[in-house]
Amino acid sequence: MRPVKSVIYNQIPRPDPALLARAAQFGVADLHGGLGLVTGRMCLMSPNMRPIAPGQRLCGPAITAWNFPGDNLAIHAALHTAQAGDVLVFTNGGGHQGALWGDVACGFAKQKGVAGAVVHGACRDTDAIRALGFPVWATHISVEQPEKRGPAAVNVPIVADNVLVEPGDIVAADADGVVVIPRALLAQTVDAAEARAANEVRIRARIAAGELPLDILGIRNTLEALGIEQVDGTWEDGEAR
Numbered sequence: 001m002r003p004v005k006s007v008i009y010n011q012i013p014r015p016d017p018a019l020l021a022r023a024a025q026f027g028v029a030d031l032h033g034g035l036g037l038v039t040g041r042m043c044l045m046s047p048n049m050r051p052i053a054p055g056q057r058l059c060g061p062a063i064t065a066w067n068f069p070g071d072n073l074a075i076h077a078a079l080h081t082a083q084a085g086d087v088l089v090f091t092n093g094g095g096h097q098g099a100l101w102g103d104v105a106c107g108f109a110k111q112k113g114v115a116g117a118v119v120h121g122a123c124r125d126t127d128a129i130r131a132l133g134f135p136v137w138a139t140h141i142s143v144e145q146p147e148k149r150g151p152a153a154v155n156v157p158i159v160a161d162n163v164l165v166e167p168g169d170i171v172a173a174d175a176d177g178v179v180v181i182p183r184a185l186l187a188q189t190v191d192a193a194e195a196r197a198a199n200e201v202r203i204r205a206r207i208a209a210g211e212l213p214l215d216i217l218g219i220r221n222t223l224e225a226l227g228i229e230q231v232d233g234t235w236e237d238g239e240a241r
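Counting from 1, position 58 in the sequence shown corresponds to residue 58 in this note's numbering; the numbering is continuous, with no gaps.
Hints are computed from structural coordinates only; laboratory data are not their basis.
One thing to keep in mind: the hints can contain errors.
What the hints assert, rightly or not - Simulated crosslink set (DSS-like; lysine-lysine; CA at most 30 angstroms straight-line):
(1) K5 with K112
(2) K148 with K5
(3) K148 with K112
(4) K110 with K148
Put together the whole structure using the sequences plus the hints.
Shown next as structure tokens:
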């Protein structure tokens, strides 16, 4: 088995600022949809990744940190490299051993203007973090004391909550979850998200005018094409036939 190489890269590839600003206008649902069905599912973190507080959202380039289970040395090096607007993405493999993130590091991140943190592992000091108003998503909450011995890798590709995250990829998060947009797909994803959002505006207007979602979305035609029986009565009426 190849040993883990400890390394810290101080720079990341950065997305076009104008594209990033456009992406930040949309929620996770639109960006996820903009990636397309297959890629969108591959880039969406699981429902286990939850916000620490309600009303949080972020969108920014990823600063990544791979931590050995039970250790959080890498997150401190990652925080040092982060710039204003960046999103810290940490993993220790997803276990609860050794809290990766707490309020002291969080306070420094906020002071630097970091956009937030996505923690595939444990977060602690959650009340203090909520009081700071710093956006954090995590898969676990645990106060278990971490070590700081390494090995550690910063700004390398990592897998966080089963999603590949490369340094500089765009991470968007809100109450619905966390999605990672590969830099190479940012332009087409934003274009598709804009089209999706505009279409939903039109759908809402048609519903307000009295049309049925069943017809607007073509569901009625789909039901008929599938030959799904529709009974004008209760399930008891159907069973009695």
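Each hint, compared with the structure:
1. K5 with K112: Roughly 28 angstroms between the alpha carbons, so the hint for K5 and K112 holds.
2. K148 with K5: Judged against 30 angstroms, a Cα distance of about 16 angstroms means the pair holds.
3. K148 with K112: 22 angstroms, holds
4. K110 with K148: 22 angstroms, holds
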